[in-house]
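Engineer: Let the hints inform the model, and build the full structure from the sequences given.
Counting in my numbering, the sequence shown runs from 1 upward without gaps.
These are computed hints drawn from the structure, not numbers from a lab. Each statement offered as a hint is correct.
Below, in silico cross-link-like pairs of lysine to any residue (SDA-like), each with a Cα-Cα straight-line distance of 20 Å or less: (1) LYS111 / THR32; (2) LYS7 / LEU89; (3) LYS7 / LEU75; (4) LYS7 / ALA79; (5) LYS42 / TYR146; (6) LYS42 / GLN16; (7) LYS111 / LEU75; (8) LYS42 / THR137; (9) LYS111 / ASP93; (10) LYS12 / GLN40; (11) LYS90 / GLY127.
None of these values were measured; they are calculated from a predicted model.
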Amino acid sequence: MFKRRQKFREWKDAPQMDIGSPSPAIRAFAETLTLAYRTQAKEFAVVRFTDVHQHTFGYPNNEALAGHPVYSRELNFYAFNEVVDSPYLKELDRRNAVNFPDSAASFTELKHWFVPFHDETLEIVGGTPEFLGTITTSSALEAIAYYDAQEPVRV
Numbered sequence: 001m002f003k004r005r006q007k008f009r010e011w012k013d014a015p016q017m018d019i020g021s022p023s024p025a026i027r028a029f030a031e032t033l034t035l036a037y038r039t040q041a042k043e044f045a046v047v048r049f050t051d052v053h054q055h056t057f058g059y060p061n062n063e064a065l066a067g068h069p070v071y072s073r074e075l076n077f078y079a080f081n082e083v084v085d086s087p088y089l090k091e092l093d094r095r096n097a098v099n100f101p102d103s104a105a106s107f108t109e110l111k112h113w114f115v116p117f118h119d120e121t122l123e124i125v126g127g128t129p130e131f132l133g134t135i136t137t138s139s140a141l142e143a144i145a146y147y148d149a150q151e152p153v154r155v
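Structural biologist: Quick look at the structure:
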């Protein structure tokens with residue numbers, strides 16, 4: 001689909017994920033997505049994305065990333081990658097123009113995030129993430145629940 005060599009910008013505000021078993025989980029509500037994953041220190045880090053217009057979570061895993069349309073050798077595995085000059089955002093603008101040709105809204109004003117974990121990948125079209133903190137707990141879902149109680153999602 002996208003044939004050019006892709007560039008990425010790494011976001012480093014959150015702790016490095018455990019590359020063997022990060023055990024990520026997400027909670028999506030309205031235009032907000034909260035992510036938790038296990039860090040190298042064996043705590044769970046929690047990151048919140050706002051202004052989310054689209055997300056996918058699952059395939060491909062780290063072994064199949066080379067088949068993804070935005071893959072290039074510059075991709076940072078086990079990291080938060082912003083896809084620079086994303087062809088996918090341009091494609092979303094093209095699709096939107098079919099029904100809304102005079103729309104001033106542009107997907108290219110958003111960010112395209114690509115976060116490859118060990119067994120799954122998170123891909124988001126939205127705003128800039130915010131690192132909320134880390135917590136020692138038994139699961140990523142518990143970490144999300146804790147931070148949702150501390151900083152509720154605003155609708």
